[in-house]
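Asks: Sequence:
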Amino acid sequence: MPHHAVRNALPILVGTTLVAVGAYLRWLGTNPALPPDAEIPTVHYPGMGTGIESWDFVVLGATSLALFALAFRPRTRLQSAITFLSGGTAMFLCAFYLRTFSPLVGFDATFVPAVGWYLTVLGGILLTGTGGLRLRNRMRN
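Our numbering puts the first residue of the sequence shown at 814, with every later residue one more than the last.
Because the hints were derived from the structure by calculation, they are not lab data.
You can trust all of the hints, since none of them are fake.
Derived Cβ-Cβ restraints for the label pairs, each shown as a range:
id, residue 1, residue 2, range
1, P849, V819, 47 to 55 Å
2, G864, L826, 17 to 25 Å
3, N821, E866, 29 to 37 Å
Heads up, the beta-carbon is just placed ideally off N, CA and C, and yes, glycines get one too.
All chains should be modelled from the sequences, with the hints used to inform the complete structure.
Replies: What follows is the structure, encoded as structure tokens:
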């Protein structure tokens, strides 16, 4: 594989890897800033454990499209658009996830985003940025 092909594929591979690892890891955890005597309700929301649950199937499906587009149609406008949309889908679903359950879930709430959520958002940002920049360059040519 030529050096430029690896360099062009690397952001997509890293982005999809971040999304895949993030989808497997926990998306929610208990807020560490809560006082020791805080009453934490005994609930289990999807995403509080490791494994594939909740929106992970949709996120993984969307980002797998970016990998398939990379494998079959490299360096085209369609591949750039699919990468952009799959990253945007991952970011949208992560934001939607925090607003879906209850007031107990959020950045300053009882349950806060965990490492899996942040990795998924980071992978989505990388895919959206890569796809957007390449799409913009393809439109100019």
